[in-house]
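Chains as they are written, first to last, in the numbering used here: chain A, 1 to 251; chain B, 1 to 280; chain C, 1 to 296.
Keep in mind that the hints were calculated from the coordinates and are not lab data.
Warning: the hint list may mix true and false statements.
[Stated by the list, open to error] Below, computed lysine to aspartate or glutamate pairings styled on EDC-like, alpha-carbon distance capped at 16 Å:
{"#": "1", "chain 1": "A", "residue 1": "31", "chain 2": "A", "residue 2": "195"}
{"#": "2", "chain 1": "C", "residue 1": "20", "chain 2": "B", "residue 2": "94"}
{"#": "3", "chain 1": "C", "residue 1": "20", "chain 2": "B", "residue 2": "102"}
{"#": "4", "chain 1": "A", "residue 1": "31", "chain 2": "A", "residue 2": "231"}
{"#": "5", "chain 1": "B", "residue 1": "96", "chain 2": "B", "residue 2": "157"}
{"#": "6", "chain 1": "C", "residue 1": "235", "chain 2": "C", "residue 2": "257"}
{"#": "7", "chain 1": "A", "residue 1": "84", "chain 2": "A", "residue 2": "63"}
{"#": "8", "chain 1": "C", "residue 1": "290", "chain 2": "B", "residue 2": "109"}
{"#": "9", "chain 1": "B", "residue 1": "12", "chain 2": "C", "residue 2": "194"}
{"#": "10", "chain 1": "C", "residue 1": "290", "chain 2": "B", "residue 2": "157"}
{"#": "11", "chain 1": "A", "residue 1": "194", "chain 2": "A", "residue 2": "179"}
{"#": "12", "chain 1": "C", "residue 1": "290", "chain 2": "B", "residue 2": "102"}
{"#": "13", "chain 1": "A", "residue 1": "249", "chain 2": "A", "residue 2": "239"}
{"#": "14", "chain 1": "A", "residue 1": "84", "chain 2": "A", "residue 2": "72"}
{"#": "15", "chain 1": "A", "residue 1": "194", "chain 2": "A", "residue 2": "72"}
{"#": "16", "chain 1": "A", "residue 1": "240", "chain 2": "A", "residue 2": "226"}
{"#": "17", "chain 1": "A", "residue 1": "84", "chain 2": "A", "residue 2": "121"}
{"#": "18", "chain 1": "B", "residue 1": "12", "chain 2": "C", "residue 2": "97"}
{"#": "19", "chain 1": "B", "residue 1": "132", "chain 2": "C", "residue 2": "97"}
{"#": "20", "chain 1": "C", "residue 1": "10", "chain 2": "A", "residue 2": "77"}
{"#": "21", "chain 1": "A", "residue 1": "138", "chain 2": "A", "residue 2": "121"}
{"#": "22", "chain 1": "B", "residue 1": "270", "chain 2": "C", "residue 2": "113"}
{"#": "23", "chain 1": "B", "residue 1": "132", "chain 2": "C", "residue 2": "260"}
[Said to hold, decoys possible] Pair ranges (Cβ atoms, derived):
{"#": "24", "chain 1": "B", "residue 1": "75", "chain 2": "C", "residue 2": "107", "range": "33 to 39 Å"}
{"#": "25", "chain 1": "B", "residue 1": "71", "chain 2": "C", "residue 2": "28", "range": "23 to 29 Å"}
{"#": "26", "chain 1": "C", "residue 1": "178", "chain 2": "A", "residue 2": "179", "range": "28 to 34 Å"}
Please read all numbers here as calculations on a predicted model, not as lab measurements.
Idealized CB from N, CA, C, for every residue including glycine.
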Amino acid sequence: MPNVLTIQNLSVSFQENIVVKNVSLEIAERKVTALLGPSGCGKTTVLRSVNRLHELSGRAKVEGRVALRGEDLYALDAILVRCKIGMVFQRPNPFPTMSIYDNVLAGYLLNGLKLSRSQKDSLVEESLRAAALWDEVKDNLRRRGAFLSGGQQQRLCIARALALRPEILLLDEPTSALDPKAAASIEELMVQLKDSVTIMLVTHNIAQASRVSDFTAFMYLGELVEFGASEKMFSTPRDKRTEEYLTGKFG
Amino acid sequence: MLDTWRRRLLDKMFCGIICGLAFLSVLPLVLILGYLLGRGAASLNWQFFCRAPQPLGEAGGGIANALVGSLLLLGVAFVLAAPLGLLVGIYLSENKTSRLADWTRLAVEILQGVPSIVVGMVIYIWLVLPFKNFSTLAGGAALALLMLPIIVRSAEETLRLIPSELSEAALALGVPHYRTVWRVIVPTGLSGIVTGLLLGLARAAGETAPLLFTAFGNPFLSFNLVKPIESLPHLIFYYATSPYEEWQRLAWGASFVLVVGVLGLNLTAKFLTRRWRAQF
Amino acid sequence: MLPSLSLPAKENIFQQILVKSAFLVAALVLLFFLTLLLKAWTAIGANGLSFFTGVVWNPLTGEYGVLPFLTGTLLTSVLALGLALPCALSIAIFLGEFFRSGWSASLLRLAVELLAGLPSVVYGFWALFVLVPLVRQVELWLGVLPLGVGVLVAALVLAIMIVPYAASLSAEVIKLVPSDIREAAYSLGATRFEVLRYVILPYVRSGILAGVLLAFGRGLGETMAVTMVIGNANKIPASLFDTGNTMASLIANELTEALDLWQVSSLAQVGLLLFGVSALVNLAGRYVIKKFSVEL
Numbered sequence: 001m002p003n004v005l006t007i008q009n010l011s012v013s014f015q016e017n018i019v020v021k022n023v024s025l026e027i028a029e030r031k032v033t034a035l036l037g038p039s040g041c042g043k044t045t046v047l048r049s050v051n052r053l054h055e056l057s058g059r060a061k062v063e064g065r066v067a068l069r070g071e072d073l074y075a076l077d078a079i080l081v082r083c084k085i086g087m088v089f090q091r092p093n094p095f096p097t098m099s100i101y102d103n104v105l106a107g108y109l110l111n112g113l114k115l116s117r118s119q120k121d122s123l124v125e126e127s128l129r130a131a132a133l134w135d136e137v138k139d140n141l142r143r144r145g146a147f148l149s150g151g152q153q154q155r156l157c158i159a160r161a162l163a164l165r166p167e168i169l170l171l172d173e174p175t176s177a178l179d180p181k182a183a184a185s186i187e188e189l190m191v192q193l194k195d196s197v198t199i200m201l202v203t204h205n206i207a208q209a210s211r212v213s214d215f216t217a218f219m220y221l222g223e224l225v226e227f228g229a230s231e232k233m234f235s236t237p238r239d240k241r242t243e244e245y246l247t248g249k250f251g
Numbered sequence: 001m002l003d004t005w006r007r008r009l010l011d012k013m014f015c016g017i018i019c020g021l022a023f024l025s026v027l028p029l030v031l032i033l034g035y036l037l038g039r040g041a042a043s044l045n046w047q048f049f050c051r052a053p054q055p056l057g058e059a060g061g062g063i064a065n066a067l068v069g070s071l072l073l074l075g076v077a078f079v080l081a082a083p084l085g086l087l088v089g090i091y092l093s094e095n096k097t098s099r100l101a102d103w104t105r106l107a108v109e110i111l112q113g114v115p116s117i118v119v120g121m122v123i124y125i126w127l128v129l130p131f132k133n134f135s136t137l138a139g140g141a142a143l144a145l146l147m148l149p150i151i152v153r154s155a156e157e158t159l160r161l162i163p164s165e166l167s168e169a170a171l172a173l174g175v176p177h178y179r180t181v182w183r184v185i186v187p188t189g190l191s192g193i194v195t196g197l198l199l200g201l202a203r204a205a206g207e208t209a210p211l212l213f214t215a216f217g218n219p220f221l222s223f224n225l226v227k228p229i230e231s232l233p234h235l236i237f238y239y240a241t242s243p244y245e246e247w248q249r250l251a252w253g254a255s256f257v258l259v260v261g262v263l264g265l266n267l268t269a270k271f272l273t274r275r276w277r278a279q280f
Numbered sequence: 001m002l003p004s005l006s007l008p009a010k011e012n013i014f015q016q017i018l019v020k021s022a023f024l025v026a027a028l029v030l031l032f033f034l035t036l037l038l039k040a041w042t043a044i045g046a047n048g049l050s051f052f053t054g055v056v057w058n059p060l061t062g063e064y065g066v067l068p069f070l071t072g073t074l075l076t077s078v079l080a081l082g083l084a085l086p087c088a089l090s091i092a093i094f095l096g097e098f099f100r101s102g103w104s105a106s107l108l109r110l111a112v113e114l115l116a117g118l119p120s121v122v123y124g125f126w127a128l129f130v131l132v133p134l135v136r137q138v139e140l141w142l143g144v145l146p147l148g149v150g151v152l153v154a155a156l157v158l159a160i161m162i163v164p165y166a167a168s169l170s171a172e173v174i175k176l177v178p179s180d181i182r183e184a185a186y187s188l189g190a191t192r193f194e195v196l197r198y199v200i201l202p203y204v205r206s207g208i209l210a211g212v213l214l215a216f217g218r219g220l221g222e223t224m225a226v227t228m229v230i231g232n233a234n235k236i237p238a239s240l241f242d243t244g245n246t247m248a249s250l251i252a253n254e255l256t257e258a259l260d261l262w263q264v265s266s267l268a269q270v271g272l273l274l275f276g277v278s279a280l281v282n283l284a285g286r287y288v289i290k291k292f293s294v295e296l
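Isolated chain A, as found in the complex:
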């Protein structure tokens, strides 16, 4: 099974605080890999260092290697990296000043990339279909996204990330701000999406990780405790801390 992304000995610190300690992961192509752990364990930081978003704060120090198909991401331009690796956030955040149509194309519009009308139309339809939102919004493409429900807005954000045809899609607790029904639809979507894109999912929801992921990495206090096939980890965890977390003893 080919690995698309390799993380080797990744450590991230903010000033004095070491948030991620020496984490190594192999992310398999077209699978869902879940990063699981209690809040504050560094899972989101790992995710954000994959598309180099933590660089924005300017104080994060990153050591180790993150490579996409063997290519060191930290040797590339951050902007190129972010085009290849899409990200969806905790709270749905469509751009409030743009129509649904423009929101899907935001990665192109904001980067100043020119597309022909027909390219745009087909890209919008394709991305919205991939995000299972097309049927619900196809008559309102020119309206602003504010009237959409939270789950719809989140799927719009997924469509926006997919439109750039990323190799990897990073999902940072994408259902934590949604109601259970909307969360279920997003989970269903993740399972559909893995046919076409590699997914890294950060979650603290054990049930969600077990439902959608193929591989799970359990993190605790900045360290990678256990990493392996989800089925195996959820039935027979090797580490005691994993077992305690899965059985609800902490976190």
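Fit chains B and C to the given chain A structure using the hints.
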């Protein structure tokens, strides 16, 4: 506790005093607006807008020179203050703790509290004395200094309230930072920014003191940026304190026009903040 | 596909522009202060201490004492504040506690906003034609010299102008009082007056102080409305009905007609004093607000 009757009475009296004083203090507004409607609106006609003031004794003068002058002054002030104010507002909203941001914020606060007459005096020293010439540009610069803090603060406060997730979303799409600012953050905060611009214009439009030694005033219609120019507030000041009834009539009319303009700008700004706010 | 090569450069330029704009504004204000100081330097040396102690301002004899104008400015501002404070507090209590919504509150709020927006020259004009004759009647009735114009009218018009500033800030502050404190007091059987007097007002004291300081600062620097009604007499006013002058209107009256450089420099010295005092009052007000919002 026992004396509830007295306590109730005290409460009622207090409530009455509060309501009475509250409405008493806005009574001047009613009186002023009434005066402006009665005296000012009556002197409006097409000549009033199209002609400059006539020599004493001749009827039918207007305030065209002051209208044109005020628009030119505001135009100059806007061109000077709006881009700078917006850029500084962006800088301050992005750099909450840097030392330069602290100093700039302090400077903006000080500038906001400077009496407008002192602003006029400093611009007089900077732009009038060296050239020995009053000018529209000097007047516009003085008004720009008065607008600047309003624009900076409203831009900073609006942009700071925009959730960081929104700019992260753009950055995660590979959009460079400067494009994120121009294409995502500024459009999202546009209503607040426009509100600041309108409030700044409203403040500048009503100011007289800084124009006394910069734009100076001019009884003739002028479009020249390097010559003295009339403005509505200065015309009102000059004619209101004159002993001639015809000139006072012009001043009432000009006051009406100025108040309609300034209050219009203010109300548009309020309306914008309430209705046209992007939702996140 | 991506125009990535030129990006870092553009990014850099953008950051540079932002930093330079911020620097420009900070430098501008510093330069502003230095300009006044430099212009006033001659006068500071020539006038010496008599600037602060002298009661005569006479460019012909070269006497430049700021005391009449300092008195005028402080007298009108303090009087105006005294008149404005009860009104501003009433508005604040009305909007912040009694009627937070409803037509009467909307109407009052609109009126306050409009009052704050009226140009000062219009206030002055109105005062000249309405308040001055009114005060003249009062003066006739009291048997003092019926000038009409003078300190009293100036303070009255200033009071009307600064009410909205103190009121809107105080109303905001009163609204910030946590409702559980308020409800706790009501649940003990207190009347509205008692809740305000013993719970809310003590809670928001520093916020109201900030409003008072900002309104005071505004009063200190006001020029046009005062110039038009105070009578512009360069002396210490003998009574409330007497004429006087303020620092701001002195500058407005004399700067363009100054006889010599010494006078211009002395006026700059007055400007510097006015700048310093209002900057201090304003910064104090903002400091109090910041401290208040941190405490909350």
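Checked hints:
With a CA separation close to 8 Å, the supplied pair residue 31 of chain A and residue 195 of chain A stays within the 16 Å bound. The straight-line distance between the Cα atoms of residue 20 of chain C and residue 94 of chain B is roughly 14 Å, inside the 16 Å bound, and the hint therefore holds. Distance hint between residue 20 of chain C and residue 102 of chain B is fulfilled; the C-alpha atoms sit about 14 Å from each other, no more than 16 Å. Restraint check: the Cα-Cα separation between residue 31 of chain A and residue 231 of chain A comes to about 13 Å, which is no more than 16 Å; the hinted pair holds.
Of the supplied pair hints, the one linking residue 96 of chain B and residue 157 of chain B holds, its CA atoms being roughly 11 Å apart against a limit of 16 Å. Between the alpha carbons of residue 235 of chain C and residue 257 of chain C the distance comes to roughly 19 Å, so the proposed pair goes past 16 Å and is violated. Restraint check for residue 84 of chain A and residue 63 of chain A: not satisfied, since their Cα atoms lie roughly 21 Å apart, outside the 16 Å limit. Between residue 290 of chain C and residue 109 of chain B the CA atoms are separated by roughly 13 Å; this keeps the pair inside 16 Å, and the hint holds.
Taken as a hint, the residue 12 of chain B and residue 194 of chain C pair is honoured in the structure, with Cα atoms around 11 Å apart against an allowance of 16 Å. With a C-alpha separation of about 15 Å, the suggested pairing of residue 290 of chain C with residue 157 of chain B holds against the 16 Å cut-off. Using a Cα cut-off of 16 Å, the hinted pair residue 194 of chain A and residue 179 of chain A is violated, with the two alpha carbons roughly 23 Å apart. For a cut-off of 16 Å, the pair hint linking residue 290 of chain C to residue 102 of chain B stands: about 14 Å separates their Cα positions.
For the hint pairing residue 249 of chain A with residue 239 of chain A, the CA-to-CA distance comes to about 14 Å; that is within 16 Å, so the pair holds. Distance check on the hinted pair: residue 84 of chain A and residue 72 of chain A sit about 13 Å apart at the alpha-carbon level, within 16 Å; holds. For the proposed pair residue 194 of chain A and residue 72 of chain A, the alpha carbon gap of about 24 Å is over 16 Å, so the pair is violated. This hinted pair checks out: residue 240 of chain A and residue 226 of chain A have alpha carbons roughly 10 Å apart, not beyond 16 Å.
Using a Cα cut-off of 16 Å, the hinted pair residue 84 of chain A and residue 121 of chain A is violated, with the two alpha carbons roughly 21 Å apart. Among the hinted pairs, residue 12 of chain B with residue 97 of chain C is consistent with the structure: their alpha-carbon atoms are about 15 Å apart, no more than 16 Å. Distance restraint check for residue 132 of chain B and residue 97 of chain C: the Cα-Cα separation of roughly 56 Å exceeds the 16 Å cut-off, and the hinted pair is therefore not satisfied. Annotation: proposed proximity of residue 10 of chain C to residue 77 of chain A holds, straight-line Cα distance about 14 Å (limit 16 Å).
With a C-alpha separation of about 11 Å, the suggested pair residue 138 of chain A and residue 121 of chain A falls inside the 16 Å cut-off, and the hint holds. Restraint check for residue 270 of chain B and residue 113 of chain C: the C-alpha separation of about 9 Å stays at or below 16 Å, so the hint holds. Annotation: proposed proximity of residue 132 of chain B to residue 260 of chain C holds, straight-line Cα distance about 15 Å (limit 16 Å). Checked against the given bound of 33 to 39 Å, the beta carbons of residue 75 of chain B and residue 107 of chain C, roughly 35 Å apart, stay inside it.
The given range of 23 to 29 Å is respected by residue 71 of chain B and residue 28 of chain C, whose C-beta atoms sit roughly 25 Å from each other. Between residue 178 of chain C and residue 179 of chain A, the C-beta spacing of about 30 Å keeps the proposed range 28 to 34 Å intact.
Figure legend: structure checked against the earlier numbered hints; hints not met, in rising order: 6, 7, 11, 15, 17, 19.
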